[in-house]
Amino acid sequence: MEKWSLMTITVLLALTVRWTVSLGSYSGAGKPPMYGDYEAQRHWQEVTYNLPIRQWYFNTSDNNLLYWGLDYPPLTAYHSFLCAYVAKLINPDWIALHTSRGYESQSHKLFMRTTVFVADLLIYIPAVILYCCSLKETSTKKKVSSALCILLYPGLILVDHGHFQYNSVSLGFALWGVLCLSYDWDLLGSVAFCLALNYKQMELYHSLPFFCYLLGKCFKKGLKGKGLLLLIKLAGAVVVSFAVCWLPFCTDVEQIMQVLRRLFPIDRGLFEDKVANIWCSLSVLIKIKNVISPQTQLKLSFAVTFLSLLPTCIKLTVQPSLRGFKLALVSCALSFFLFSFQVHEKSILLVSVPVCLIINEIPFMATWFLLVSTFSMLPLLLKDGLLLAYAVTTLAFLSACVASFAIFEKTSAKDLQLKPFSLSLRGYVSWFKPFPKIVKNLFLLSVTLMGILSVMSAAMHPPQRFPDLFPVSVSSISCLHFLFFLVYFNVIILWDSKNSRNQKKVS
Amino acid sequence: LAVLLLWNFGLLIVDHIHFQYNGFLFGLMLLSVARLCQRRYLEGALLFAVLLHFKHIYLYVAPAYGIYLLRSYCFTASNADGSVKWRSFSFLRITLLGLIVCLVSALSLGPFIVLGQLPQVISRLFPFKRGLCHAYWAPNFWALYSAVDKALTVVGLKYNFLDPTKIPKASMTGGLVQEFQHTVLPSVTPLATLICTFISILPSVFCLWFKPQGPRSFLQCLVLCALSSFMFGWHVHEKAILLAILPLSLLSVQRAKDAGIYLILTTTGHFSLFPLLFTAPELPIKILLMLLFSVYSFSSLKSLETVS
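Here the protein sequences come in this chain order: A and B. Sequential numbering from 159 applies to the first sequence in our numbering. Sequential numbering from 471 applies to the second sequence in our numbering.
There's no promise every hint is true.
[Stated by the list, open to error] Straight-line Cα separation of at most 20 Å, EDC-like style, residue types lysine to aspartate or glutamate; simulated pairs:
1) K294/A / E160/A
2) K541/A / D410/A
3) K772/B / D342/A
4) K391/A / D342/A
5) K161/A / E775/B
6) K267/A / E775/B
7) K384/A / D342/A
8) K300/A / D410/A
9) K294/A / D342/A
In case anyone wonders, no lab produced these hints; they're calculated from the structure.
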């Protein structure tokens, strides 16, 4: 069938899945007094519509920051304002100041779900489709399969359309940034990424690869001539985009400082809730929070994060390539996720979307990672009552990947891009013959384990002595997987030399 | 073909959202059609008899079955030019068929006959008191008829041809399931609808009788019977359009012309099912699914055509 009809079918299928998930429950449904993320978004609409800009981020009598205060950068606030404007036209009760706290109704739910749906449709989905169409050296069938698998990724669907957030906007903008960079439209790419950054500050996880890649490009062009020009243009673009976004707040230094304080809540501690993070997993064995002081915690986490992503960033600056850039997005975001401060489990999406971008190059590992990332959010999803959606979308995603990419046949060392690495190790280790089989069995073991744990979390009550048994097991197992993936992705990046790419072209 | 049948939009929303059990019934019907195509006539007849006792809506296509079985099975051979060979009538076969039908009917209606409740069962099954059109009008001939009647009423009232006091308010469009009288045009009785239906299936039935070309013509006759009964029947549900769409799917993958007809029928038929899902959250779902199915059927049938 023609490409356009296949793509249309893919998009329609993706939209149907999203809307069907959104028929389910959302975060904090019917749970006073604080409710959940859904109520937070509604509250931001209320605040941004009814109060003047200078009061949005401040604690005033009208704006109690303890009740879901704004803690995302200005673009989120503007988006909420826009939604509030529409809400006012339909039913002003939804955003009435003070009186609409905890407002819950069928029509309001429909409205909120529609805002997420529209945002997704306008920003994220076109970026994915254009990205897949722009893939070089791939058949139409592969392009459509990639689009299908990326759009069916359960994690993003469940968090955005189930739990209720607007991650698809910031991730979509970041994706537009990657798309522009792949066409060498560096200025547009940087502007797009600045927009992403100004929507959610977690995009900082992706900022280093963008920075190193563009810097590397400037170096390559020679710092005396074209390179310097490019550098100045990029710097200008970044400054201008930030200025435009922050314009209303630039009147007063105090405004800017307050926004920054809300964006980076340093006093909230090393981690909250159960995250598939090193610090949370380690705290099972050693109570880190009690052993080290908060200041030291901050310094330690920064140090470890930067140490772990230094090799990749240096390599990217020295040898900027699009492939290296995409892989660096994955590994840097993963390092940040594992070692950084105040990480939420939803931040794994920042790693998953770059992994989706390389799904057609390393389908086996990408599918494995995406499954684990969805699994790591299981406690959150169970809390929101999204078990059915989780099960169905995960199974659908797995079947789509298995059918499109025949992943079980692509587990050899060459397919996993490990050839250069194994060449250097050949001298020391000689058991690489059964490698594909080992990898396949590990995958099956991992999936079975995740399946069993999912069923147990959903169906059984934890024993009295360990009330958090299931969430902790889920996060620890996910953390182990993520550490393994971190090592894997770093290995691929560091051993991805020009030689291997030449070999590919010749063969 | 599998995707067109399994993911048929109409079936999906009627069975899994609106909630009915048509899926397995259509499965039975397709199975019986398959048996007939494989010339295992007795099994096909048995399956159809069972089907009929599950849902009597399959009476719509019973004439097709009856004529086909009579013609192709009971007359064991045809003349060279395809016309009926009266001599080859087989009493054995017709007895077998009759036996199957009676057996199945006995099994299903037996207890009620013993209890003497057969008239009540029949009146529940064929509720002629329910009025010409269902609460949601099925898009058939009588809907047009009633619409014309309504239009004429309005015109009549405006120009004072009719007496306003004699006309009940919102008689047909009120959404209630009752018997109504048409105001301007003559009222329609169940007998009238039966006659109309009968006349409209005559051409296809005659073709099947005089020149059967095997299972293909049987399928065509099946579809036509279903459509005719849909158009002219008494108290038709709009879900009955599925009875015509699903068998037509079987024909559509074989010939391009049938594919064209299929696409028109499916798109309009599915669109007519839209009022079944009326809540706001379901609106995007029905639109998306409908688009999905339409895009898929158009492009896949087109590519099938270009390949062959």
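Results for each hint:
1. The straight-line distance between the Cα atoms of K294/A and E160/A is roughly 18 Å, inside the 20 Å bound, and the hint therefore holds.
2. Between K541/A and D410/A the alpha-carbon distance is near 41 Å, which puts this suggested pair outside the 20 Å criterion.
3. Annotation: proposed proximity of K772/B to D342/A is violated, straight-line Cα distance about 38 Å (limit 20 Å).
4. This hinted pair checks out: K391/A and D342/A have alpha carbons roughly 14 Å apart, not beyond 20 Å.
5. Taken as a hint, the K161/A and E775/B pair is honoured in the structure, with Cα atoms around 17 Å apart against an allowance of 20 Å.
6. In summary, the hint linking K267/A to E775/B is not supported, as the alpha carbons are separated by about 45 Å, beyond the 20 Å threshold.
7. Distance hint between K384/A and D342/A is fulfilled; the C-alpha atoms sit about 14 Å from each other, no more than 20 Å.
8. For the hint pairing K300/A with D410/A, the CA-to-CA distance comes to about 52 Å; that exceeds 20 Å, so the pair is violated.
9. Restraint check for K294/A and D342/A: satisfied, since their Cα atoms lie roughly 14 Å apart, inside the 20 Å limit.
When the structure is compared with the earlier hints, violations turn up for hints 2, 3, 6, 8 and for no others.
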